[in-house]
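*Asks:* Sequence:
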Amino acid sequence: MDAKRCDACGAVLAASAEQSSTRFVDDDPALRYVDPINRTELDRFVRLDEAELACGLLRSNDIACEVSSMVLPGLPAELILWVNNRDAELAWALLADTEREASRRDNDAA
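Here the sequence shown is numbered in our numbering, starting from 822 and rising by one per residue.
Worth flagging that the hints you see were computed from the coordinates, not collected in a lab.
Just so it is clear, the structure is predicted and the values come from calculations on it, not from any experiment.
It is possible that some hints are incorrect.
Said to hold, decoys possible - In silico SDA-like links for lysine to any residue, alpha-carbon gap of 25 Å or less:
| # | residue 1 | residue 2 |
| --- | --- | --- |
| 1 | 825 | 870 |
| 2 | 825 | 878 |
| 3 | 825 | 908 |
| 4 | 825 | 911 |
| 5 | 825 | 850 |
| 6 | 825 | 856 |
| 7 | 825 | 890 |
| 8 | 825 | 887 |
| 9 | 825 | 927 |
| 10 | 825 | 880 |
| 11 | 825 | 853 |
Unchecked claim - Restraint-style ranges between C-beta atoms, simulated for each label pair:
| # | residue 1 | residue 2 | range |
| --- | --- | --- | --- |
| 12 | 927 | 857 | 30 to 40 Å |
| 13 | 922 | 883 | 34 to 44 Å |
| 14 | 930 | 851 | 18 to 28 Å |
| 15 | 926 | 831 | 17 to 27 Å |
| 16 | 891 | 926 | 26 to 36 Å |
| 17 | 831 | 890 | 37 to 47 Å |
| 18 | 925 | 881 | 31 to 41 Å |
| 19 | 883 | 833 | 25 to 35 Å |
| 20 | 914 | 856 | 15 to 25 Å |
| 21 | 929 | 854 | 32 to 42 Å |
We treat Cβ as the ideally placed atom computed from N, Cα and C, and that holds for glycine.
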């Protein structure tokens, strides 16, 4: 059995001794790191929960993403959502489709 490797750096990812059927995408280190040299700013958010929700959607589709840290926690600031350059087009399409679907549901409910 081959060891799982990080797509970005090639490092061997440690496998847990006890594999659970429940796995969280946020547990995969390869999906939490975006190369600062080869990254694209995908979107900006004012609220951390919205940025994390968008990032979670991308990670659940195997797209690594990273949210910038807040300048001063608790104060309003723009948070930047980054993805690797090679994933930018697909990531943008996923977020756009999700936003369109949410907008359609809001219009149908009204």
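*Asks:* Does each hint fit the structure? Answer for all of them.
*Replies:* Here's how the hints hold up against the structure:
With a CA separation close to 30 Å, the supplied pair residue 825 and residue 870 exceeds the 25 Å bound. Between residue 825 and residue 878 the CA atoms are separated by roughly 22 Å; this keeps the pair inside 25 Å, and the hint holds. Restraint check: the Cα-Cα separation between residue 825 and residue 908 comes to about 20 Å, which is no more than 25 Å; the hinted pair holds. For a cut-off of 25 Å, the pair hint linking residue 825 to residue 911 stands: about 23 Å separates their Cα positions.
Distance hint between residue 825 and residue 850 is fulfilled; the C-alpha atoms sit about 12 Å from each other, no more than 25 Å. Taking the CA atoms of residue 825 and residue 856, the gap is near 19 Å; set against the 25 Å cutoff, the hint holds. A distance of roughly 29 Å separates the Cα atoms of residue 825 and residue 890; the hinted pair therefore is violated under the 25 Å criterion. Distance hint between residue 825 and residue 887 is fulfilled; the C-alpha atoms sit about 21 Å from each other, no more than 25 Å.
Between residue 825 and residue 927 the alpha-carbon distance is near 41 Å, which puts this suggested pair outside the 25 Å criterion. Simply put, residue 825 and residue 880 have alpha-carbon atoms about 17 Å apart, close enough for the 25 Å limit, and the pair holds. Using a Cα cut-off of 25 Å, the hinted pair residue 825 and residue 853 holds, with the two alpha carbons roughly 16 Å apart. In this structure the hint that residue 927 and residue 857 lie 30 to 40 Å apart at CB holds, the actual value being about 36 Å.
Checked against the hint of 34 to 44 Å, the C-beta distance between residue 922 and residue 883 comes to roughly 20 Å, which is inconsistent with it. About 38 Å separates the C-beta atoms of residue 930 and residue 851, a value inconsistent with the hinted range of 18 to 28 Å. Checking the proposed 17 to 27 Å range against residue 926 and residue 831 shows it is violated: the Cβ atoms sit about 42 Å from each other. Separation of residue 891 from residue 926 is about 30 Å and conforms to the stated range, judged on CB atoms against 26 to 36 Å.
The hinted range of 37 to 47 Å is not satisfied by residue 831 and residue 890, whose Cβ atoms lie roughly 26 Å apart. For residue 925 paired with residue 881, a C-beta distance near 21 Å fails the hint of 31 to 41 Å. Remark: the range hint 25 to 35 Å for residue 883 to residue 833 is contradicted by a beta-carbon distance near 19 Å. Taking 15 to 25 Å as the suggested C-beta distance range, the pair residue 914 and residue 856 conforms, at roughly 21 Å.
The given range of 32 to 42 Å is respected by residue 929 and residue 854, whose C-beta atoms sit roughly 38 Å from each other.
In this structure, the earlier hints numbered 1, 7, 9, 13, 14, 15, 17, 18 and 19 are contradicted, and the remaining ones agree with it.
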